[in-house]
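A.B. asks: Residue-level listing of the chains:
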Amino acid sequence: DVKVTQSSRYLVKRTGEKVFLECVQDMDHENMFWYRQDPGLGLRLIYFSYDVKMKEKGDIPEGYSVSREKKERFSLILESASTNQTSMYLCASSFSPDITQHFGDGTRLSIL
Amino acid sequence: KNEVEQSPQNLTAQEGEFITINCSYSVGISALHWLQQHPGGGIVSLFMLSSGKKKHGRLIATINIQEKHSSLHITASHPRDSAVYICAVGAGNQFYFGTGTSLTVIP
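Top line first, the protein sequences correspond to chains Z and A. Just so you know, the first sequence maps onto residues 1 to 112 in my numbering. Just so you know, the second sequence maps onto residues 1 to 107 in my numbering.
Just chain Z, same shape as in the assembly (with noise of 0.2 Å):
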């Protein structure tokens, strides 16, 4: 079974800090994803990266950068984290983009 692994589930951080969000997946996938899901809003893709050391800005990358060192780790960063940034993040992996992705547990990120 494939397996994606988010650092943490609960994270509570203050405004200005830089938080650090990391995702694992053990299937050797090219393509991982992170995601934020709000009410009503439904998941949003902020960034993608089809290999190491590439990314694609997704549909809200504002506030927002990636790191991708190797291929199974993929890092979401908020250099300065806001109020408006408190939400559940979501990290996912898949062989390619337009087929099944895998999810991680999601982190539910407060930022006071």
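All clues stand as given, with none of them false.
Mimicking DSS-like on lysine-lysine, the simulated pairs with C-alpha atoms at most 27 Å apart in a straight line are:
1) K70/Z - K53/Z
2) K3/Z - K55/A
3) K70/Z - K3/Z
4) K54/A - K3/Z
5) K13/Z - K57/Z
6) K71/Z - K3/Z
Simulated from the structure, these hints should not be mistaken for laboratory data.
Assemble chain A onto chain Z, guided by the hints.
C.D. replies: Chain A in isolation, oriented as in the chain Z frame:
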């Protein structure tokens, strides 16, 4: 503009009822996915289909490519089916999500 529309947004059912959740999409797709998200956040893939119908236990998913429409049916619903059900479509290099249907099944 939403590429994927789901209905209803919220659904409450009595245990044992037959449930239908609908999904319409506006883009050309390679496949449509039904996902389930339980309280606590984890998302699992229920079905991936590009034509016809698939069945897994009490869950049935159908798709009509010409009408760009899919339905997820749950037969003999149970409280453990309470979750958010999300329709998603893969189109080229993109993946589009519906906003989800929150289902509550009351004992």
